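Asks: Sequence:
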Amino acid sequence: MEADLVAVLRCPVCADRLALDDRTARCPRGHAYDLAKQGYLNLLPSASNGIEGDSAAMVGARTVFLGTGHYGPIRDALILQAGLGEDDLVVEVGAGTAYYLSGVLGVSPHRRGIALDVSKYAARRAARADPRIASVVCDAWRELPLMDGSANVVLNVFAPRNAAEMARVLAPGGRLLVVTPNQQHLGELVDVLGMVSVDEQKERRLEESLAGEFERVGTELVEETMRLDRSAVEQLVLMTPSARHLNYRELLQRIAVLPEPAIVTLSVNLSTWRRLAG
Numbered sequence: 001m002e003a004d005l006v007a008v009l010r011c012p013v014c015a016d017r018l019a020l021d022d023r024t025a026r027c028p029r030g031h032a033y034d035l036a037k038q039g040y041l042n043l044l045p046s047a048s049n050g051i052e053g054d055s056a057a058m059v060g061a062r063t064v065f066l067g068t069g070h071y072g073p074i075r076d077a078l079i080l081q082a083g084l085g086e087d088d089l090v091v092e093v094g095a096g097t098a099y100y101l102s103g104v105l106g107v108s109p110h111r112r113g114i115a116l117d118v119s120k121y122a123a124r125r126a127a128r129a130d131p132r133i134a135s136v137v138c139d140a141w142r143e144l145p146l147m148d149g150s151a152n153v154v155l156n157v158f159a160p161r162n163a164a165e166m167a168r169v170l171a172p173g174g175r176l177l178v179v180t181p182n183q184q185h186l187g188e189l190v191d192v193l194g195m196v197s198v199d200e201q202k203e204r205r206l207e208e209s210l211a212g213e214f215e216r217v218g219t220e221l222v223e224e225t226m227r228l229d230r231s232a233v234e235q236l237v238l239m240t241p242s243a244r245h246l247n248y249r250e251l252l253q254r255i256a257v258l259p260e261p262a263i264v265t266l267s268v269n270l271s272t273w274r275r276l277a278g
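When the letters of the sequence shown are read in order and numbered with the UniProt record's numbering, they come out as residues 1 to 278.
No lab work stands behind these hints: they were computed from the structure.
Take every hint as true, because none was put in to throw you off.
Within a straight-line C-alpha distance of at most 25 Å, the following computed SDA-like cross-link-like pairs (lysine to any residue) qualify: (1) K202 with A163; (2) K37 with V64; (3) K120 with A159.
Because the structure is a prediction, the values reported are computed rather than measured.
Turn these sequences into a full structure, and let the hints steer you where they fit.
Replies: The following block contains the structure:
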């Protein structure tokens with residue numbers, strides 16, 4: 001983890017700026033956090049210990065599925081909307097394996113990224129995604145371990161949204177990019193496989209969750225038809241929250257009767273938000 005990335009992080013106890021000392025991040029008040037051997041930094045507040053992030057199996061499934069490129073259209077849309085400068089800092093909240101973050105950073109050697117996730121298993125993967133990315137374990141529902149105004153762009157892809165904190169860490173003129181599924185997303189699989197369906201009020205709830213901190217400046221529909229073999233369908237389901245309640249053996253039985261390839265709709269809304277002044 002690079003020292004300049006640690007310098008935009010703040011202590012979860014006292015909110016002072018952190019600095020890297022060998023393999024330990026320290027604040028001026030003496031709070032210290034050792035880098036894990038896998039390369040990530042754990043800044044999870046003690047009050048958040050015990051909360052569940054994605055399991056090792058879910059992160060593994062996500063790594064395999066995203067590696068097939070089926071969600072590439074989402075990443076491509078984020079790249080276009082980010083509009084990055086050559087030395088911008090991008091923060092992804094709920095970054096998982098940092099698939100989207102690493103894509104948005106592009107080829108510029110001066111761009112930097114911080115991947116935030118509550119799952120240590122995800123943080124391990126994100127730490128290996130790109131040397132320009134610092135991987136940090138934190139709780140998105142509490143104060144984010146970042147200095148005020150440090151991020152030029154914040155990404156939020158299928159992830160929790162703490163509006164006040166995302167607004168706090170955005171620099172003036174920065175933008176928030178949010179990806180949410182709509183009713184058509186994976187529609188061919190939801191009922192057949194018993195997956196969690198998308199709330200038909202999701203857009204309204206998104207607007208309400210960001211009201212008071214952000215104003216929407218644009219929305220783009222990202223929609224593609226995916227042709228998935230049964231293995232890809234399995235990995236897709238296992239990387240989602242549906243994996244927490246589905247019986248694995250029953251899931252395989254249901255997948256076995258699907259046509260191959262299965263024609264599945266990718267359909268999400270990418271909305272762009274500007275922080276309100278004040």
